[in-house]
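Number of protein chains: 2
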Amino acid sequence: MENKNKLKRTHTCGELREKDLGKNVVLYGWAESIRLHGGMVFVNLFDRYGTTQLVFSREAIGSKFDEIKSITPHTTLCVSGLVRNRPEEAINKEMPTGSIEVDVEDYVINNIAKPLPIPIGKGIPVYDDVKLKWMPIYLRERKAQQNLILRSKVFNIIMQYFHEHDFIYVETPILAKPTPEGARDFLVPSRIHNGKFYALPQSPQQYKQKLMIAGLDKYYQIAKCFRDEDLRADRQPEFTQLDIEMSWPEPEDIFEIIEGMFKRLFKEIIGIDLKTPFRRMNYEEAMELYGTDKPDLRNPLKISDVSKAFEKTEFSIFKDALKEKGVINAIKVSNNAERFTRKYIDSLATHSKSIKGSGIIVLKIKENNAAEGSIAKHLSEEEISELIKLTNASSNDILLLSAGKKSIVKKTLGSVRLKLGTDLNLVDKDRFELLWITEFPLFEFSETEHRWVYEHHPFTSPEEEYMPILMKLNSLDELKEILPEMLPSDIKSKAYDIVINGWEIGGGSIRIHKRELQEKIFELLGLSREEYLEKFGSLLELLEYGAPPHGGIALGLDRIAAILAKEESIREVIAFPKNKEAQCLMDDSPSEVSQEQLKELGISIINNQNKSK
Amino acid sequence: MENKNKLKRTHTCGELREKDLGKNVVLYGWAESIRLHGGMVFVNLFDRYGTTQLVFSREAIGSKFDEIKSITPHTTLCVSGLVRNRPEEAINKEMPTGSIEVDVEDYVINNIAKPLPIPIGKGIPVYDDVKLKWMPIYLRERKAQQNLILRSKVFNIIMQYFHEHDFIYVETPILAKPTPEGARDFLVPSRIHNGKFYALPQSPQQYKQKLMIAGLDKYYQIAKCFRDEDLRADRQPEFTQLDIEMSWPEPEDIFEIIEGMFKRLFKEIIGIDLKTPFRRMNYEEAMELYGTDKPDLRNPLKISDVSKAFEKTEFSIFKDALKEKGVINAIKVSNNAERFTRKYIDSLATHSKSIKGSGIIVLKIKENNAAEGSIAKHLSEEEISELIKLTNASSNDILLLSAGKKSIVKKTLGSVRLKLGTDLNLVDKDRFELLWITEFPLFEFSETEHRWVYEHHPFTSPEEEYMPILMKLNSLDELKEILPEMLPSDIKSKAYDIVINGWEIGGGSIRIHKRELQEKIFELLGLSREEYLEKFGSLLELLEYGAPPHGGIALGLDRIAAILAKEESIREVIAFPKNKEAQCLMDDSPSEVSQEQLKELGISIINNQNKSK
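So the protein lines, in turn, are chains D and U. Our numbering puts the first residue of the first sequence at 1, with every later residue one more than the last. Our numbering puts the first residue of the second sequence at 1, with every later residue one more than the last.
The hints are simulated quantities; they were obtained by calculation from the structure and are not laboratory data. Do not take every clue at face value.
[Stated by the list, open to error] Which residues of chain D face chain U? A partial, calculated answer using Cβ under 7 Å:
hint: 1; residue: Gly22
hint: 2; residue: Asn24
hint: 3; residue: Ser70
hint: 4; residue: Pro136
hint: 5; residue: Tyr161
hint: 6; residue: His165
hint: 7; residue: Ala183
hint: 8; residue: Ile213
hint: 9; residue: Arg431
hint: 10; residue: Phe432
hint: 11; residue: Trp436
hint: 12; residue: Pro590
hint: 13; residue: Ser591
hint: 14; residue: Gln595
hint: 15; residue: Ile606
[As the list claims (entries may be wrong)] Here are the simulated BS3-like cross-link-like pairs (lysine-lysine), alpha carbons at most 27 Å apart as the crow flies:
hint: 16; chain 1: D; residue 1: Lys8; chain 2: U; residue 2: Lys275
hint: 17; chain 1: D; residue 1: Lys64; chain 2: U; residue 2: Lys294
hint: 18; chain 1: U; residue 1: Lys143; chain 2: D; residue 2: Lys580
hint: 19; chain 1: U; residue 1: Lys114; chain 2: D; residue 2: Lys122
hint: 20; chain 1: D; residue 1: Lys114; chain 2: D; residue 2: Lys64
hint: 21; chain 1: U; residue 1: Lys599; chain 2: D; residue 2: Lys8
What you are looking at is a predicted structure, and each value in this text was computed from that prediction instead of being measured. We put the beta carbon where it would ideally sit given N, CA and C, even for glycine.
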């Protein structure tokens with residue numbers, strides 16, 4: 001029987017120092033690196049706070065010595081003993097407690113550990129699936145624990161910060177209304193109302209707008225959100241969002257509060273002073289210069305438009321591109337000419353193909369306005385000279401050119417820019433570049449659905465100047481009749497994103513606060529009156545009872561924590577992540593349930609033969 | 001078109017005072033009590049922070065005067081103007097801003113409000129269903145807003161408190177494994193794994209135990225939990241739980257940390273100094289004295305055992321009760337003899353019947369060891385004398401007696417005690433009585449299932465002294481063979497509850513941290529090996545890799561917020577509550593979904609004709 005009652009912890013395994021010499025202490029923890037040496041047993045006892053060396057001798061613990069000799073790694077112990085100096089040669093300066101050790105006088109074994117299923121503390125990498133199955137053991141890795149502690153600090157700083165700024169924390173429902181807003185809902189069948197379903201919220205968007213209508217003025221929540229999407233890349237079916245909404249804000253009010261938060265997070269978590277305000281860049285400029293709406297500004301490369309150099313060109317690729325109202329764009333790379341081997345240039349072409357991009361042409365600039373490369377001979381001296389002028393290129397610089405439809409060229413060079421950043425090691429991993437992208441288009445054309453859809457979400461307010469035009473339209477097709485030069489994607493909105501090092505960390509907008517405009521937007525998006533009343537009727541009604549102007553933002557907390565922890569994957573900052581098949585390998589969920597449960601819910605399983613795994 | 005850009009808020013509606021006289025200010029808010037008086041329009045503009053009187057005059061705003069005359073209540077406005085003194089006779093001392101008013105120079109109407117669907121700020125009660133439908137409007141009630149603000153403060157204090165005490169905030173999954181732990185799970189069909197389901201967690205119990213196995217030492221979370229139960233009384237299908245777990249704790253360690261939290265909450269939220277440590281009372285004593293495991297100690301009445309007075313009685317009811325090993329218990333009521341009319345005594349009998357309780361006998365104590373009441377004549381002088389001695393009763397006191405099986409008598413008098421507390425106004429509503437109930441039984445007999453079930457949950461550790469006995473049993477039935485005097489309900493556990501004013505606010509336990517004991521408990525609860533491995537296999541396996549002793553508690557945050565807000569119902573501290581049918585009347589969820597969605601999930605709807613509402 002354990003008698004740990006007599007052994008009340010006095011210190012953690014991370015805190016004993018020379019000042020504690022001679023103290024009688026009680027420590028709890030896990031045993032690691034158990035060695036028999038000179039007739040004594042040395043054990044490193046570790047806990048979340050650190051590691052302390054224990055020494056067990058037969059003189060001190062008598063008959064229990066044989067037991068302790070044979071304990072297994074990660075056995076849990078309570079020990080009491082005396083803090084003493086280590087012999088000079090045994091001092092470990094790498095270890096905060098490395099100048100002392102505890103001479104154990106008594107101990108209790110709480111639980112013997114079987115041989116661990118994964119190696120811990122040995123720097124041996126573990127397959128993802130094995131890691132996910134054994135998360136509670138994996139979390140004994142110092143770095144994994146530190147990541148969760150960091151995430152906890154992020155939570156606390158955020159809670160405190162918004163509280164100090166008079167925001168009200170409100171919990172919104174998890175059992176919500178199914179109103180697909182783009183992504184697929186997770187559904188929850190109702191037992192009391194068979195045939196009806198709740199949905200897990202994709203975001204608390206409508207709830208937070210309603211809280212503004214309720215007069216709460218400033219709202220925040222750390223909210224669980226859910227999307228039933230195929231988990232390409234680094235996504236989770238449930239994720240954590242910092243959700244903010246304010247009444248009567250300008251975008252700048254939102255930017256200011258969020259910048260203050262990041263300033264504090266970066267300072268308190270990793271000791272970095274961020275300069276505020278962050279850079280603002282409108283969507284158009286970001287697409288123009290970086291071919292993306294989430295530029296990584298650590299990467300110094302920019303895209304420039306060099307069409308002007310080729311207005312009279314006879315080089316057919318460029319000539320055709322311009323004839324079809326396309327563009328010719330360039331990226332200039334300095335100091336890396338030697339990297340542009342035949343093989344590397346081929347890899348760029350392959351890369352472009354893989355993203356269905358436009359062709360990449362590589363030119364090397366030489367002395368005296370000359371250029372070298374497969375197409376050099378097709379270009380006139382004036383063209384090369386003008387190109388050098390437009391790109392401000394010098395001898396030995398590399399120019400990567402691409403011609404074609406503007407959107408394709410931007411996408412291609414945007415992607416090539418990222419590849420170059422990695423391949424040529426142009427990105428300083430220790431830098432943080434935060435910026436706001438503003439004035440997103442209200443609508444974008446969906447290639448998959450062959451129609452105009454909303455870029456942010458349907459509650460986003462257009463910029464004031466477009467409201468009169470929008471109110472006149474019965475459909476987006478009518479736009480070209482009224483303003484032939486304008487595409488729906490030219491209508492700017494009050495939507496904005498925040499980007500850190502090329503990650504879209506969050507996005508928000510000023511919302512529509514008038515029913516007639518909101519209905520018009522639904523109509524222009526092709527929703528029938530019946531459809532939008534069914535989905536958004538409650539919000540539309542409430543807009544008529546004194547809704548204030550309002551707006552906000554939602555930030556991905558998993559990604560923010562991962563960035564601060566310098567981890568590539570959000571899974572490293574989540575305690576129990578799912579795998580790419582949306583399974584928890586630890587407890588094997590999702591799993592089967594009983595027929596009685598399904599019967600109560602009024603549902604039955606169909607066609608589960610073809611996909612079940 | 002609005003030009004609110006020029007009107008940037010300088011103050012809230014709650015902050016202007018005499019010190020601000022002469023300032024030009026901009027306020028945002030909702031209009032209420034719009035009066036035309038002496039050729040001017042007076043409007044109270046309110047926001048979450050307070051109310052300020054606005055004065056609109058034709059001199060100042062010119063042609064816009066006619067517009068403002070006709071605005072509707074709860075129209076949203078931005079106004080700019082000059083802070084000035086109110087005339088002496090117009091000063092309103094009830095209103096923090098009551099000595100000033102704002103002479104409006106310009107304004108913008110953000111949104112005209114239609115006539116409100118429910119009365120706000122008028123003290124008119126609203127039917128629950130109507131309130132739930134119009135929550136965002138109802139939340140404009142000052143008290144409703146204050147309740148949410150209070151809840152937000154509770155969150156912040158808790159976050160801060162546990163952070164200061166080195167607890168790590170960890171989010172555990174909402175998409176969890178179906179493992180019914182008593183209540184019914186909400187299920188979420190998996191699209192990727194048709195035929196399989198996630199469950200929404202009833203509590204993060206297993207996750208937090210795994211976090212202790214991971215070495216996190218101290219964990220906390222404000223967690224959403226879910227139970228698909230019929231919503232008797234004041235329950236919600238989703239609720240918020242403060243979830244705590246610690247490694248190597250004694251129950252007193254848990255008590256201490258929670259007491260510190262309550263001390264801070266009560267002090268910072270309602271200015272009350274709680275004395276710590278709170279009272280501890282074991283389960284047995286609570287049942288003995290109060291007939292309940294959640295006694296409201298504001299109520300001064302106690303139950304006492306008076307069986308001893310009637311050991312030789314000839315009064316058949318008492319005699320029979322004692323013969324069948326039952327008891328005779330009493331409650332003494334002082335200073336209220338006049339309330340015990342025939343009619344009131346009848347109402348007590350009716351009450352007892354309604355809870356399937358035992359009979360209530362009322363005696364009035366007179367001078368000289370005499371008693372009055374329908375049974376008085378059946379009792380001997382010695383019996384009455386002994387009864388008076390045992391209850392320490394004086395002349396004019398009332399004794400309520402009940403005889404029968406102990407559990408029924410305790411339940412009856414426990415319930416009668418509550419009724420008396422209310423009826424006789426014995427409970428001081430401004431007092432707070434917090435206490436710990438300890439040493440709950442490990443097992444209780446379920447009358448509905450006709451078998452022994454766990455009292456707390458199956459992970460609860462028995463008290464040390466019972467472990468050897470338990471390990472010897474193959475079933476609970478064997479207990480009577482080994483220890484004939486002992487019932488399974490006599491086995492004490494390391495489970496505890498915290499009770500405030502008769503509400504069970506939370507409960508917890510020290511957990512089992514060894515696989516063999518945990519398997520034994522599952523076995524004694526009647527689970528087959530296959531069954532417990534399927535449900536709890538992951539936890540059982542992990543117990544073998546160095547699980548430390550651990551324990552914790554979960555507290556109902558909705559109830560805590562309601563108590564601090566002095567609200568009877570938790571719905572008053574929830575922004576978007578469901579009704580008793582688990583519906584959100586605001587957005588009409590749960591609701592129907594498309595056949596395509598169901599097909600993707602691999603489910604279909606059956607028998608929805610008989611229950612759908």
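Between Lys8(D) and Lys275(U), does the CA-CA distance stay at or below 27 Å? Holds, because 25 Å separates the two Cα atoms, which is no more than 27 Å.
Is the hint on His165(D) kept, meaning its closest Cβ partner in chain U is under 7 Å away? Because about 12 Å separates His165(D) from the closest Cβ in chain U, which is outside the 7 Å limit, the hint is violated.
Chain U contact restraint for Ile606(D) - C-beta distance below 7 Å: holds (5 Å)
Within 27 Å, alpha carbon to alpha carbon, are Lys143(U) and Lys580(D)? violated (46 Å)
Next pair to validate is Lys114(U) with Lys122(D); report whether the Cα-Cα distance is within 27 Å. Roughly 68 Å between the alpha carbons, so the hint for Lys114(U) and Lys122(D) is violated.
Quick check on the hint: Gln595(D) CB to chain U CB, less than 7 Å? Violated. Min distance 11 Å.
Report holds or violated for the interface hint on Ile213(D), using the least CB-CB distance to chain U and a cut-off of 7 Å. Holds, about 5 Å.
Interface hint check: Gly22(D), Cβ to nearest Cβ on chain U, cutoff 7 Å. Holds or violated? With a closest approach of 24 Å, the Gly22(D) hint is violated.
Taking the least C-beta to C-beta distance, is Tyr161(D) closer than 7 Å to chain U? Since the shortest Cβ distance to chain U is 11 Å, the answer is violated.
Would you check whether Ala183(D) satisfies its interface hint, that is, whether its CB is within less than 7 Å of any CB in chain U? violated (12 Å)
Let me know if the C-beta of Phe432(D) comes in closer than 7 Å to any C-beta of chain U, holds or violated. With a closest approach of 24 Å, the Phe432(D) hint is violated.
For the pair supplied as a hint, Lys64(D) and Lys294(U), is the alpha-carbon distance within the 27 Å limit? Judged against 27 Å, a Cα distance of about 46 Å means the pair is violated.
Checked against the numbered hints given earlier, this structure breaks hints 1, 2, 3, 5, 6, 7, 9, 10, 11, 14, 17, 18, 19 and 21; the rest are met.
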